[in-house]
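Just so you know, the sequences run in chain order A and B. Positions 1 to 314 (the working numbering) are the ones given, in order, by the first sequence. Positions 1 to 181 (the working numbering) are the ones given, in order, by the second sequence.
Hints should not be assumed to be uniformly reliable.
Claimed, not checked - Dumping the calculated EDC-like pairs for lysine to aspartate or glutamate here, alpha-carbon to alpha-carbon at most 16 Å:
(1) LYS143(B) - ASP42(B)
(2) LYS143(B) - GLU128(B)
(3) LYS228(A) - ASP188(A)
(4) LYS216(A) - GLU59(B)
(5) LYS143(B) - GLU124(B)
(6) LYS143(B) - ASP40(A)
(7) LYS160(B) - GLU7(A)
(8) LYS110(B) - GLU28(B)
(9) LYS216(A) - ASP141(B)
(10) LYS128(A) - ASP188(A)
(11) LYS160(B) - ASP17(A)
(12) LYS228(A) - GLU241(A)
(13) LYS216(A) - GLU142(B)
(14) LYS110(B) - ASP40(A)
(15) LYS263(A) - ASP312(A)
Unchecked claim - So these bits of chain B aren't anywhere near chain A, every CB distance computed over 10 Å:
(16) ALA35
(17) PRO38
(18) PRO40
(19) ALA43
(20) ASP62
(21) ASN77
(22) ARG90
(23) ARG116
(24) PRO127
(25) ASP129
(26) GLN130
(27) LYS143
(28) HIS146
(29) ALA148
(30) ALA157
(31) LEU169
As the list claims (entries may be wrong) - Chain A regions said to be covered by chain B (calculated; three or more residues, Cβ under 8 Å):
(32) 5-18
(33) 23-37
(34) 47-53
Derived from the structure by calculation, the hints contain no laboratory data. Even for Gly, the Cβ is constructed at its ideal location relative to N, Cα and C.
The chain contents come next:
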Amino acid sequence: MNIPRHELIPLIHGFLDGTLDPEQAASLNAQLRADSEARDLYLQLTDTHSCLAVDEGLWIHRSTGSPHAETDLTRARRFSQKTLPLTAAAAGVILGILCSSMVFAYVAPARHRARNIFAEGFESAPQKTTPGIPRSPGTWSGDEAGVSVSTRAVQPHSGQRMLQFLSATHPNENSPRSLWGDIYRVIDLSTLADSGKRAVRVSAWFAQGPKADDRKFSCSVHAILLEKELNALPERADIAELLRHSAASASRKVALSSGGTWKEVAVDVPLSPQTRYLVLHLAIAQDQPQLSSGSVNFPGHFVDDVQVSILDGL
Amino acid sequence: MDPMNSNAPVQPLTQEQFMRLFLETERELLRYVMALIPNPSDARDVVQETAVALWRAVEKYDPSRPFGPWACRFALNEARLHLRSEARRRVQLEEDVAELLDARRVELAKPLDTRREHLRDCLERLPEDQRELVRDYYFNDEKIEHLATRIGRGTEAVYKSLQRIRQTLHHCIERKIHAQT
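Modelling step: build the complete structure from the supplied sequences, incorporating the hints.
Take a look at the structure:
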């Protein structure tokens, strides 16, 4: 028997929000099974819900005169990274990576065999990063970051140490404007035996200390694969240059919540037999507020247990 | 036809071609999957599984045919697997209901696209506080608990507000469609 519309609508909304109990869900399923009009209504309401979640174009004001236009466009671009991790972002600049490189940011299911080839817990890493993008494997570089022991709010994810992001620039660089604290590491993949279709997985754990102000932060993992020798890159290559020369890349950006809870972020990138290097790029970004000038200092942002694995048998 | 068992000889896509096609289709795949699995995080997981399945079967794709419908068949398979695996753990659609909805969604593809066009206008007509709430929940991906704390209300009340706003948007879209006809 069909239930009245005024009873059906709350069931559908409750289902969209994940708040139905099993009895209500059974009622909704029965109604959808029996009533074609209920199915149409469900599909209409669900599609509105889906569009709100995935269509960032909805949030860009048509009128360029709108006081919200720039803010919303900026947010829309940022949002596209969340829903579409196939879009790369680095150093605060959203890059149109489709011009020359490929991006693939999907975490493969657990059916594959994973071989760990790199693990960093910062237990014996150098105390501070060096500036710039590294030109050889073996060191962490980029913006200012340093090895830290437990703080009152954040304990290492494992072991005794972790890496703390300190600034969105480096004392030797003094960027005029930066919202992103970026660190890099090059991993040599050239010695891996070719074993068919496979991917590289990069994962890292991030945490943020107690909230000190209204700023909002995200963390990101970005894996960039190069088929070229590092010395074939321009001498002062920045992240945009690196992406222009990349064979494939993947990034994922996730909002951080305060309180010292660790959050894992991982990306997978298909690996070609010609791949020589992985450039591992980890970052903390200040999402709000945006700044017109100056560089951000990070009040308590950490990364630990960075791992790189090869997924065989795809 | 089983998407994994096409017998026609085809020229496989290169990795780059595949990724470009997938990029163009990913948003629609997510929208498609969310009709059956409305939780965005779960739907994204299903699309991720779909990407892996598509990549594994890329040699079977015939580039002379549209990529979207081919990819949607894989997405439907992955959504079914998700529904089966999660059936005991959480409240969700039953599989036969999902099949019915999927069939109807194909028929409603164009009207749903029209509704989406109206959604933007309707969203802009919302009062600022409602628009902010929807934006923070859907667009900025804020958790309900965080939203509730920030605006000083209970989670139940925030859910109710979101439901009322979605219903307002639904009515607004209906009015616009009615006005067009």
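Structure-based check of each hint:
Taking the CA atoms of LYS143(B) and ASP42(B), the gap is about 15 Å. The hint holds against a cut of 16 Å. For the hint pairing LYS143(B) with GLU128(B), the CA-to-CA distance comes to about 20 Å; that exceeds 16 Å, so the pair is violated. Straight-line distance between C-alpha atoms of LYS228(A) and ASP188(A) comes to about 11 Å, which keeps the hinted pair within the 16 Å bound. With a C-alpha separation of about 43 Å, the suggested pairing of LYS216(A) with GLU59(B) is violated against the 16 Å cut-off.
At most 16 Å may separate the alpha-carbon atoms for a hinted pair to count; LYS143(B) and GLU124(B) exceed this at roughly 23 Å. For a cut-off of 16 Å, the pair hint linking LYS143(B) to ASP40(A) is broken: about 29 Å separates their Cα positions. Of the supplied pair hints, the one linking LYS160(B) and GLU7(A) holds, its CA atoms being roughly 15 Å apart against a limit of 16 Å. Under the criterion of a C-alpha separation no larger than 16 Å, the hint pairing LYS110(B) with GLU28(B) is consistent with the structure, at around 13 Å.
Between LYS216(A) and ASP141(B) the CA atoms are separated by roughly 12 Å; this keeps the pair inside 16 Å, and the hint holds. Our distance criterion of 16 Å between C-alpha atoms is broken by LYS128(A) and ASP188(A), whose separation comes to about 22 Å. For a cut-off of 16 Å, the pair hint linking LYS160(B) to ASP17(A) stands: about 10 Å separates their Cα positions. As the CA atoms of LYS228(A) and GLU241(A) are separated by approximately 13 Å, the hinted pair is consistent with the 16 Å bound.
Restraint check: the Cα-Cα separation between LYS216(A) and GLU142(B) comes to about 11 Å, which is no more than 16 Å; the hinted pair holds. With a CA separation close to 13 Å, the supplied pair LYS110(B) and ASP40(A) stays within the 16 Å bound. The suggested pairing of LYS263(A) with ASP312(A) is violated, with an alpha-carbon distance near 25 Å, which exceeds 16 Å. With a cut of 10 Å on Cβ distances, ALA35(B) falls inside the contact zone with chain A, its closest approach being about 5 Å.
The Cβ of PRO38(B) sits about 5 Å from the closest Cβ of chain A, inside the 10 Å cut-off, so the non-interface label is violated. Here PRO40(B) does not stay apart from chain A, with its beta-carbon only about 5 Å from theirs, under the 10 Å limit. Non-interface status of ALA43(B) relative to chain A is broken: a Cβ of that chain comes within 10 Å, the nearest being about 8 Å off. Every CB of chain A is more than 10 Å from the CB of ASP62(B) (nearest about 20 Å), matching its label as outside the interface.
Residue placement check: ASN77(B) keeps its beta carbon more than 10 Å from all beta carbons of chain A (closest about 13 Å). The claim that ARG90(B) is not at the interface with chain A is violated, since a C-beta of that chain comes within 10 Å of its own (minimum 8 Å). Distance check on ARG116(B): its Cβ comes as close as 5 Å (rounded) to a Cβ of chain A, failing to clear the 10 Å threshold; non-interface status is violated. Every CB of chain A is more than 10 Å from the CB of PRO127(B) (nearest about 14 Å), matching its label as outside the interface.
Every CB of chain A lies more than 10 Å from the CB of ASP129(B), the least distance being 14 Å, so the non-interface label holds. Annotated as non-interface, GLN130(B) keeps its C-beta farther than 10 Å from every C-beta of chain A; the closest such distance is 12 Å. Residue placement check: LYS143(B) does not keep its beta carbon more than 10 Å from all beta carbons of chain A (closest about 8 Å). For HIS146(B), the condition that its CB be more than 10 Å from all CB atoms of chain A is violated, with the nearest at approximately 7 Å.
Distance to chain A confirms ALA148(B) as a non-interface residue, since its nearest Cβ pair spans about 13 Å, more than 10 Å. The claim that ALA157(B) lies off the interface holds: its Cβ sits roughly 12 Å from the closest Cβ of chain A, which is beyond the 10 Å cut-off. A beta-carbon of chain A comes within 10 Å of the beta-carbon of LEU169(B); the shortest separation is about 6 Å. Residue count for the segment 5-18 of chain A with a Cβ under 8 Å from a Cβ of chain B: 8. That meets the three needed, and the coverage hint holds.
Counting residues of the segment 23-37 of chain A whose beta carbon lies closer than 8 Å to any beta carbon of chain B gives 6, which reaches the threshold of three, so the coverage claim holds. Under a criterion of three residues with beta carbons nearer than 8 Å to beta carbons of chain B, the stated coverage of the segment 47-53 of chain A is upheld, 7 such residues being counted.
In this structure, the earlier hints numbered 2, 4, 5, 6, 10, 15, 16, 17, 18, 19, 22, 23, 27, 28, 31 are contradicted, and the remaining ones agree with it.
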